[in-house]
Every structure is written in C-alpha cells, then in structure tokens.
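Trainee: Sequence:
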Amino acid sequence: MTFPRERGRESETERESMATTPATMAKEESRGMHGGENGGENERVRTAEMLMRVVPMGLCVAALVMMLRNSESNDYGSLSYSDLGAFRYLVHANGICAGYSLLSAIIVAMPRPPTISRAWTFFLLDQFGKQVLTYTILAAGAVSTEVLYLAYKGDVAITWSSACGSFGGFCHKATASVAITLAAAACYMVLSLVSSYRLFSRFDAPVACTSKGIEDPGFQE
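In our numbering, the protein residues as written are 783 to 1003.
Heads up, some of the hints might be wrong.
Said to hold, decoys possible - Label-pair ranges, simulated between beta-carbon atoms: (1) Ser943 / Thr829: 47 to 55 Å; (2) Val914 / Gly950: 30 to 38 Å; (3) Gly950 / Arg870: 15 to 23 Å; (4) Gly877 / Leu932: 22 to 30 Å.
The set of hints was computed from the structure by calculation and includes no laboratory data. Every value quoted in this text rests on a predicted model; they were computed, and no experiment measured them. Note that beta-carbon positions come from the ideal geometry of N, C-alpha and C, so glycine has one too.
Given only the sequences and the hints, what does the whole structure look like? Please build it.
Mentor: Next comes the structure, spelled out in structure tokens:
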C-alpha cells in the first residue's frame, strides 16, 4: 500500500526538477553573459590574459631569432647553433610556442557568446596546450643549459674542453637565448593562473552529478 505513495513522491520530485532546470540554466546563462563580476574588473583580467599570451610569443620569437643568427668564425674554426642538437631543438620549440601563442591570442580576441560549454571546452584544451608547451620549452632550456655549462666549464672525464674561451661571442648569445626561453616558460605558468582565475570568476566549477535513489522519509526507521 506504500508503493503508490512512493511513486507519487517520485513523480512530484521529477516535476519539480523539470520545473527548476530551465530556471537554473537561465540563471547560469545570465551569469555567463554578465561575466559574474563588474565589467571593469573583467576587462582588466581579459587585458592581462591577452598580454600574457602576447609576451611569451615575443620572447619565443626573440630567442629563436637570436639563436638562428648565432654563429662565430675565428682562427680556431667556425661554430654555429646548427652544430649542436640541443640548440636546434631550442629553435624548434620556440617556433612552435610562438605559433601557439599567436593562435590562442587570436582566438581569445575573437568575439563569441560566453556560454559555459564553450568557455570550459576552450579552457581545458588551452590548459592542455600550455602544459605541453611549458614542458617542451623547459626541456629545451634545460638541455641547452647543460650544453652551455659544458661549453663554459668543460669536462675532463669525457675529454670535453671548454669552448667559450675561444668562442665567447657564441656562448654569450646562446646564454641570452636560453634565458629568454626560460622567461617564456615562466610566462606560460603565470598565464595558466590568469586563465583559471578569469574562468572561475565568471562561471561556477562543473558539478559532478551522481545518480542516487530518492529516499522517502516514510520508510526510514
């Protein structure tokens, strides 16, 4: 005799859920349209995000050009960045990062309706891309730093003599290029924080829905 009452409760609960769902969606959509904050603060955060996308692009291009033009010839011979695999990898990594930064800056600057689904989709894809690029240029910077250390100090155990005493200009330019690359990696880290702050200040985090049975207080002992 209790089953009809239980089904009635379930039907009533489902009707309430269906009635409140459109209102909830409209509320979230309205919140997305207004940005969840005043226009001035939202504009400042957006400007900061744009700058943090353009700055690493400029740094990567500067490091790339500096390394591409890095060569030296003297009485001891000639030396170019292409003679070392670590520096070639550094050039390729900076080129990829500069291209991604330009593309992401264009996408962010394009006007589009601020819906929750689009914002979260772009955020997750962008975060994945930034993570990959950050590790890529960090690896390039680390390997190049090791090569520069050997070029400056040498290694007697492997009979690797110091080269920077003979090719000082080459080593100085390579050091500057590596330092700029590491600065670009730091910018990507800061950009991840700025992007996260901007998204979470506009929208709530997605709530994980769990399918649980409806408990009827009438059956509780």
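Trainee: Next step is simple, just say for each hint if it's right about the structure.
Mentor: Hint check:
As the Cβ distance of Ser943 to Thr829 is approximately 51 Å, the hint placing it in 47 to 55 Å holds. Taking 30 to 38 Å as the suggested C-beta distance range, the pair Val914 and Gly950 conforms, at roughly 35 Å. Gly950 and Arg870 have their C-beta atoms about 21 Å apart, which keeps the hinted 15 to 23 Å range intact. Gly877 and Leu932 have their C-beta atoms about 25 Å apart, which keeps the hinted 22 to 30 Å range intact.
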